[in-house]
Every structure is written in C-alpha cells, then in structure tokens.
Amino acid sequence: MVFSIRFLALPFLLCSSVWAQTVITVAAFPSVDEVVRAALPAWQKKHPNVQVKVVSREFADHHTAMTTALSASSGLPDVMTIEYGYLGRFAQSGGLEDLAQPPYAVRQHQARFVAYAWAQAQHDSFGQIALPTDIGPGAMFYRVDTLQKAGVKPEQLSADWESFLGAGKQIKDKAGVFLVAHARDVKDLVIRAGVQAGEGIYYDAQGQSLVGSAARFKRGFELAKRVRDAGLDAKVNAWSNEWGESLKRGNVTVQMMGAWLGGHLQNWLAPQSAGQWRSGPLPEGVATSWGGTFYAIPKKSAQKALAWDLIEHLTLNKAQQQLAFERFNAFPALLEGQAGAYFEQPVAYLGGQKARVLWRDTAQKIKPSRVFRNDPIAEEIVNAELDLVLTKGKSIDAALADAHRLVQRRAQR
Amino acid sequence: MTQQASENKATLGPVGWLFLVLGGLAMLAPFYAMFVFSTHERSDIFRVPPPLWFGEHFLDNIAILMNRIPFWINLGWSLYVGVISTALTLLFCSMAGFAFAAYEFRLKKPLFGLVMATMLIPSFLGMIPSFMIMDLLAWIDQPRALYLPAAAPAMGIFLMRQYIESAIPRELLEAARMDGCSELGIYGRIVVPLLGPAFGTLGLITFIASWNNFIGPLIVMRSVEMYTFPLALRSVQSPVDTQWGALMAGSVVAVLPLLVIFIFSSRRLIAGLTAGAVKS
Amino acid sequence: MSQRLTAQAWAPYVLVAPFVILFLVFGLFPIGFSFVLMFQSWDPVQGVSSMKYVGLENLSFALEDPLVWVSLQNTLWLAVASGLPQHLVAIPLAYLINERLGPWRNAAMGVYFLPYITSTVAIAIMFGSLFSTDYGAVNAMLQSMAQWPVLSTLLPAGNVDWMGQPGTIKPVVALVVFWRYVGFNTILYVAAMQSIPRDLYEAARLDGASGWRVFWHITLPQLKPMMYFGVTLSVIGGLQLFEEPFILTGGKGGIEYAGMTTAMYMYRTAFEFGDFGLASAISWLLFAVILVLTLVTNRAFRVKGG
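Chains A, B and C, in that order, give the protein sequences. Once you know that position 147 of the first sequence is 147 in my numbering, the rest is easy, because the numbers rise by one and skip nothing. Once you know that position 156 of the second sequence is 156 in my numbering, the rest is easy, because the numbers rise by one and skip nothing. Once you know that position 126 of the third sequence is 126 in my numbering, the rest is easy, because the numbers rise by one and skip nothing.
Hints are computed from structural coordinates only; laboratory data are not their basis. Bear in mind the structure is a predicted one, so any value in this text is a computation, not a measurement. Just so it is clear, CB atoms sit at the ideal spot from N, CA and C, and this is done for glycine as well. Treat the hints loosely; a few may be bogus.
[To be verified] Where chain C lies over chain B, by a calculated footprint (3+ residues, C-beta under 8 Å):
1) 14-25
2) 32-41
3) 104-115
4) 127-135
5) 173-187
6) 219-229
Required output: the full structure, derived from the provided sequences and hints.
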C-alpha cells in the first residue's frame, strides 16, 4: 500500500518538474486563495516557466503558520497574504520587505490605491510592508419591507443615532422584529467614529489607553445600553447559526458590516429575500472598514522579483481587481478597479439599487487609524465590560474605568 | 461449556435495554446530523432547525471539495501516516509498558515519572520549537515528521503497563524463563500474543489521533499535496464563506476509515476472550 | 544463572530505549524551550533573536491576572463535572455491554464510540442549533414539557439562553465533553473486562451470587488498574480541556468568560495576542495544578488497593 501511494504521487511530481523551472509559493486562506488561482492563467502567459504553488490554510491556521515561519525565519512563502487584523503584528516583525524601496519603488503608485488601505500597511520603522488588494467598506444593509411595514423611512436610519434608535422602537412596535443583531454592533460603530490622526481605536499616539478618556467610548456604551434596554437587539452573535436564521427570517432588520455582506446574503444567508434588502450609509456618516487583505514579501524569499511581479498583477492590474470583485466579492483596493460599467450596474438582489457606487464613495471617506499590537486584546476587554453593562447592570462609568485599567495594563507589557 | 452459551445470548432486562437505546440515540444524533448535512446545500444547513432527512446534494458537495483540494492524495497521506504511526506506537508502547510492568530496574521510577510528565505538557506551546527541530532535521514536508516524534506516546505506555500488570501473570513469565526463553523472546512470544484487547484499544486510539491530528501537519507541511485529510478539509474553511455542505461531505469521507478500523479492532478486543482462557 | 541475571538487567533498558530516544530528540527541546520562554518577553513574529529577558515578570502578571483565576476555576469545574459522570456511567455501561449483550456487543460499542470520531465542526453546528435560544430543539422540548402540571413549577417559563448566560454555558460544555468521551472510556473498560478470568465468574455463580454482587465484588476490583489509567487520563485531559469549549463558545470563552478554560486562555494569549512569554508562564502554572492533582489521584488509587 505504501509503495502504491508513492507511485500515485510520482507522475504528479514528474509533471511539475518537467514543465517548471522556478517555483514560487503563495500562502493564503479562503477565499483569497481562489482569487490568486483565478489570476494565474493570465499571469502565467507572461511567465510560462514559473510554477506557482498556492498553499491554502484555514484563516487562523494560516496566520499561525505564518507566525511560526516568521519566528524561525524559515518556511516562509514568496508571497504572504495578511488579513487586516494581523497586519499590526506582522508589520513590526521586521521580516517583511519594505516595498517603498527599490526595486519595488511602490510609492509611485500610492495615489492609485484607496488612501486608508495604503496607510494601514505602512509602518514607521519598517516602511511600506504590504500592499492592499481588497477592502471592506462599511455599509448598512436593511430590510426595506420591514421599514415599510413600520412606517420608517431609510433616512431615519442614517441621519443620527437618535433617529436610528427611534426607528428601532417603531420597528419593534409595528413590525414586531428586532432592529439589530446585537447591541455591541452599535457600540463598535460609535467607537470608530472620531478617531484622531495618529491615534488608534484603543490607544493614542504614545501607546496609552484611550478607553477612559475618549468620549466615543462612553457614548458607544450608552447607546448600546439604550438599545438593549429598549429590547431592540436579538442578542445573537454574528456568524452563528442563530444569526443566520435571524437574517433569513427577517427577525433582524439592520445589519452593518462590510459591503461584502451583500454577496453572502445573496448566495447563502438569505437568498429567498432577494429584492427586500437595500444598502445605505452608516448612521451619522460613519465611514469605517471591515477587514481587508494585503500581500507582503518576506525578506527571506529567494524569488522576490517574481513575487513582486505577481503582486503587481494582483493589485495593480485593473482587470484582475475587477475579476476578483465580480467572481469572489473582493472589493478592489485599486481605485481604477472601482471604475467601470460593473460598478454602475444595478444590483438585482438589492432591488436594483446601484449599491456599488455607494460603497465606493464610503471607501473614499474612510480615514486610516493606527494599528497597535494590543488591539485584539483591547477589543476583548472592552467587549467583556460591555457585556457586564448589558447583562449585569454594571454602571457604565465603572465598566469604562475597569476597561481602561486593564487595557492600560496590557499596554505596558 | 455453559459460559460460552451465555456469551452468545443477550440477557438484558427491559430497563437495561431502555438505558442503552436512549444512550445510543444520544450518541448517534450529531453523527447522523453530519451525514444528513453532507447531503444538503450550504444555505439549508445553516437553518435552525437544521434538516433532519437526507437531501440530494452529496455529489455536488464532493465535487466542490475535489475542486479545492487534491482529495485522494490527501486521503492517501492520512492513511499512510496513520498506519505507520499505529504500527510503531503498538510496538514501542508495548515494549516500554512491558518493561515497566514486569521488571525492576534502577531508573524505573524516574523514567516512569518522565513518561507521566510528558502527558502534562500542552501541545501548542511546543509548536514553534517542534518546527525548529523539523527544520533542523530537514524533515519539513515529509511524512516522517508526522509519525516519528509521537511514536511512543506516554498514554500508550501507561495503558500497556496497566494492561500487562493486570492481564499477564508473573508465573507465565517465570515459566518461560525456566524453559530457556530469552528476555526479548519472552516479550515477543509470550507477552505480545496476549495483548489482543490492548492492541485493539491502543491501535484504535492511535489511528484516530493520527488521523484527526492537524496541528502536526499544519506546522510541517508546506504544500497542499502533502496535507493530510483533516488539514486539507480545514483549508476549505473561510472566516465568512465556508462551504458547509462540502465540509460535511468531507467529514463523512474522513470518518469512514475510522469506522472500518473500529470494526476491525473490536474483533481483536473480543479475541481477548480466548486469551483469558489461558488462565483457567 | 548470572547470564540470565545480566540479560534481565539490560532487557528493560532495551525495551524503553525507543521512548527515551524519541523523548530526547523531540520532547526535551520543546519542554526546555517553553521553560526558558516563561522568563522572556517574546512575540514570535520578530524572530528568535527578539526575545527579551524579563525574569519573573510574566509569572507575576499571570498570578495577578483575573482571567487566569477565572479560567482556572472554570477548568477545575469542567474537569470534575465532565470527568466524574464519564466514569460513573462508563463502568456499568461497559459491564452491561460486555456481559449482557452477546452478539450485539460490537454494535453497541460502535454506537457509543461515534461521538469520539465525529468531526468537531459537525458537533459545533449540531449543538449550536440544539441549544439555540429561540430556535433550538432543547428549548422547544422544555417549553412543551413546562405545560405539564408538576413540571411547570420546576421548569423555567421562557426560553433558556443557554450560550448567553454564564450560569448555563458551563453545564452545556460539560455535557458535550461527557457526551464525547463516555464511549471512549466504555471501550477502555470493556477491554479491561475482557481480561478478567472467566473462572472467577464461574466460581461466583456456583456460590449463587447475583448479578449486582458479582459486579461489585469481582468486576470492580479487577478493574482497578484500568480505572487508575482512565481516571488519570480524565484528570489530565479535563484540566487541559481546549477543543470543546473553544468550538462551543466561538473561540472567545463566552459571556464573562464562563466557558474559557486555562488552555484556551493560553492559546489565545499566544496566538491571538502575540504574547508567548505570558502564555508559557500560564502553561507552567497549569502544569503545576495538573501535577498536584495527578499525584493526588495516584495516592488515592494506592490507598484504595493497599
């Protein structure tokens, strides 16, 4: 049995060694791996002697494997895919090439990218360590039929948080369904508005905690508490079975997430509600992003020139960016990729709304916020305190004070 | 004579049957659910309540899976690593277990303490140093990095020691020594044949652990063609966009060899009955 | 005779040699590395050379970290609540299966073993939907049962928010862990029971002993070695519980971290928060706890047997 398996693998290995002279490795996760694979036919016409190995792992597994590889400075791919949440940590690893330097000299292309995405991949000491390929401009998806039933106008949702809550009460009274999935969603948006230049969400320019001082945290907690007290949220966590079911049944009226949610709603979350959903701007003109994918080149790569060529093809090529959007819902980070007929087309699922234009505009307005190493744990701490406020009736001031203390404690490590 | 007769007949009262059947249904439910989910499309699975009867999309799901991963090659590697891992583990653990059970020697206590201590270390902290070792040995992307390091697991040694202590009488070993059998001969000719149930149990546990292990391959394997099946299956999972139906179909495929191994090894467990007859 | 003695002297060393060699090559370094790591501050992405010596700082931070204590409490609770029932149920179950089922023995073992080999993703989806607050089967059943006269006083009025309240997360996780491993332990005990000499049972039957007395006086004592093994495994495994709570709470530990075990916290500290030094300190704290409890188990089984 052992021998027969080896023989099975043999023709496979032979094939690859006969045709390819050079091999480059791209490490990615779903569905970025599919985007890369879709780009290969066009790229390999220019490089017929190069074999591209796409090594795909589950999202968390991938970043774990990359962490391991960076730690030992070994086993690194030629092109490394990094998701926004991990960018902060990987950026300061010192193991990624500065793409602003020659021979990449990517700064000449800076104006071609969405500004905030570009800025997110820039590090004070290590330079431009990655290039953005897709972004997740924030959008509000709402059920227009529920709104009609409740006599609520869409503008009420977007004007300001007061009218948002007011609309929620009307929806509850007249339509009998929830406004949002979880009160936390409201808090998340409020704390992302009003971030000053050079600041992060949780930390200021000097790396000190902002949780106790920045007014947006108090406001976020207050609004979330009002949502919960008025019974406007379904208390379901995003991506759980219940959340999916709530969206499907229309028990949740508004979901605020990246623009890519539209694709998921259409494909599998709520396909039967086609035509009932619309997309609108977030309340008070908040412009924020969900996620985002970047490509980087490890310093230890032996094929940097080819890796760079592939990254250029993936990020700077208009046709490729549009292909990724059309087939895989990957919203282009390249400005040219956002032009073109596809964006002007009405989206059937959203009742013929020209939503893509809306999302494009939002993307322009997003301001970059600095990423800090301890952001993930700061987020955890703040969420845990919010839970205590919502479920245990802890006072907001006490909760914020505790959160501030814990976040600050982490900053000093 | 009489004992054989009672071995072949079920003699359980109604309460016992009720207990067993209810328990059995509870055990079965998610397993059944996995099979049912594998035959449905993604949007149907995510419903609450989930579908309770089979759908028609099994082959579609398998097709999605085969499109994303080199399905048969991954299965092949899992099988290969699993078989070798099991064989090595049975050998090494029975050897060490026999040593601890039947002999007195100077380093016995500290060595057994070491065995126990290795069980206490959580696996993922060892990930990065393990990777460094594999890198040093140039074993990256090689199956031996998967079956060799854990070929003498503490749990297996512990199990073998307990079993040998209780199932193999000293008199037997002494008798063999008087007959002029060498020590290793005792191991090979007397002890091993009596280890049927223990081999069955440990073999099963080892194969399952090897089959389901994904941390090892995650660290060591660099290309999708070298992945074992669980790792390949995981690589289809996306933070927001998992193909649940395909994943379930893959899980069904992944579980079938485990079932086969189980059926095979439970026969060995039963074979222990004849071994017990030696004592009477 | 002396030849026999020398052969007997080196035989055990030859027999344990594979284990020792493998340990020296693959076990020693990771353990040593993790021990050294406890005294360093390290985010691995910056490479090995970026390790900074910080002495006992990690340990003191861990001891003052409220989450470490919360997670230890959770871990101990879960280990006992999921481990004890496993053995209390597995032993009589194994007896029934082994002695009373005849030809159905294999089928029963197979069914009880299924949870152990079912994929964790399937388990997560299934239990997630079973215990769903508004749409789940468990709540639906409780609601309909609450209509009955006696039970309406005992059962809660509305839907129970299983995964959203700290008081109910732990029992649900314990239930899933119990469900997952009870069959595993049953198999172990069946294997052990296979090796009990049949003539012991014959003698007891001739003396007129009933089923229950046979079980208590013959089967149980013979099971001691396997019980020691099984319980030790449950203690160690229970204290290292990671996968089930991780999957059931979506990786975060649930409300008020009620479902977060120490192993989970350690994993998150290492891979989500990038603090390997602290993670190492936490793991050695956990190791100390496991060591103490393993020694206690050891002592308990020695005393019982005498």
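| query | Failing hints, ascending? | reply | 6
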